[in-house]
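Q: Those sequence lines, one after another, are chains X and P.
Each residue of the first sequence is one higher than the one before, counting from 1 in UniProt numbering.
Each residue of the second sequence is one higher than the one before, counting from 1 in UniProt numbering.
Derived by calculation from the structure, the hints in this document are not laboratory data.
A hint or two may mislead.
Where chains are identical, the list cannot tell them apart; a pair therefore holds if satisfied intra-copy or between any two copies.
[Stated by the list, open to error] In silico DSSO-like pairs for lysine-lysine, Cα to Cα no more than 30 Å straight-line:
{"id": "1", "residue 1": "Lys175", "residue 2": "Lys219"}
{"id": "2", "residue 1": "Lys163", "residue 2": "Lys35"}
{"id": "3", "residue 1": "Lys35", "residue 2": "Lys219"}
{"id": "4", "residue 1": "Lys173", "residue 2": "Lys219"}
{"id": "5", "residue 1": "Lys131", "residue 2": "Lys35"}
{"id": "6", "residue 1": "Lys96", "residue 2": "Lys219"}
{"id": "7", "residue 1": "Lys163", "residue 2": "Lys175"}
{"id": "8", "residue 1": "Lys163", "residue 2": "Lys173"}
{"id": "9", "residue 1": "Lys35", "residue 2": "Lys96"}
Number of protein chains: 2
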Amino acid sequence: MLMGSRQLLGGKNVCQLANIGQSTNIVWHKSSVDKLARQELLQQKGCVIWITGLSGSGKSTLACALSRALYSRSKLSYILDGDNIRHGLNRNLSFKAEDRAENIRRIGEVAKLFADAGIICIASVISPYRKDRDACRAMLPVGDFIEVFMDVPLQICESRDPKGLYKLARAGKIKGFTGIDDPYEPPLNCEVTLQYNKNNCTSSPNDMAETVISYLEQKGFLQA
Amino acid sequence: MLMGSRQLLGGKNVCQLANIGQSTNIVWHKSSVDKLARQELLQQKGCVIWITGLSGSGKSTLACALSRALYSRSKLSYILDGDNIRHGLNRNLSFKAEDRAENIRRIGEVAKLFADAGIICIASVISPYRKDRDACRAMLPVGDFIEVFMDVPLQICESRDPKGLYKLARAGKIKGFTGIDDPYEPPLNCEVTLQYNKNNCTSSPNDMAETVISYLEQKGFLQA
């Protein structure tokens, strides 16, 4: 198939010439399956849901609830968790400034690949600096980077302290800890803000997930 | 849901405690959708098809043909192309020895994430050193790394020279080019070998793709 003709399946096609056997006249055109075709198969649109917020703000809890809510709608998602990625792809990065930026950059690049694969990629990373988050946003087509801000006061995160890290940071055993001795820059124009409400006891990870789901539905990401 | 109880969806579950609001008694258990669940949704098994071989041996042509053949069976695949990745995730790597190893390591780590997402990940990378390929194999569960060797003689690859790189290497304008002044170590125990046959004019990328598809079918990767 495709001998001597050009097949275009979409915008991001791979089309190159290759000689077959010892003939130099006959060329094969390579065309891979593209993003649109994958989205058709999955009946959804690939995108990146970038969850940012302080340690203990509930990022990975939301990521898990969101992955379940999407699965119940037969939608394929995948979680890139900042902590987990540091055990694999980013195992050779430290916590010094340039390595932190590289940590975010690599997660952004991988998230971009997942979105291109047609998947709803959920990145759960503190990502304290606006510059780094905006660089990830810029990697993706406009609209496909959905920034979700876990707007939870530091004192609440610190009272939760699920990993005991705030305690260590206060004791000076961790240096440059976000919120304690390193800044967190809240998003200025994020797509979704999930605000902590001390009077609202019914607020739950599933409710927050539904807020994100509503956004996705409204923007057409849950259909091809 | 899931309050005070433990939900396990499979082997690689994320299960942690998180306090809700100001209560420290009530805990939420986070459980994300796992690999098995995603495979059920996709009706396939995640794996890595690692295509290795000289420049010009037909790796990306096979990758494209394979992605089409899988798509025609409603299977989701994604191509990680060594050249493309160098424009994104690996843009900060050079061609010196340690950066080449890091290039392969990162592609292996990303391929692992894709396989965990339930996707048939097709990596198309020269990956000349056995050590680097074996390190990627070791990242994955046994059986999930499928090494495909494009066994094409150097002189054929050089006569094709689709990117004009052999010409530059012979002229000394590229140093350390695989096959010219840097070694290619053929796999010792790869899963599939696709051998160039100078007498067989009917050999085509689609035929080669079908050989790989047969392997996947036989090993049960094309069902959940």
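Q: Kindly indicate which numbered hints from before are broken by the structure, ordering the numbers from low to high.
A: 1, 4, 6, 9
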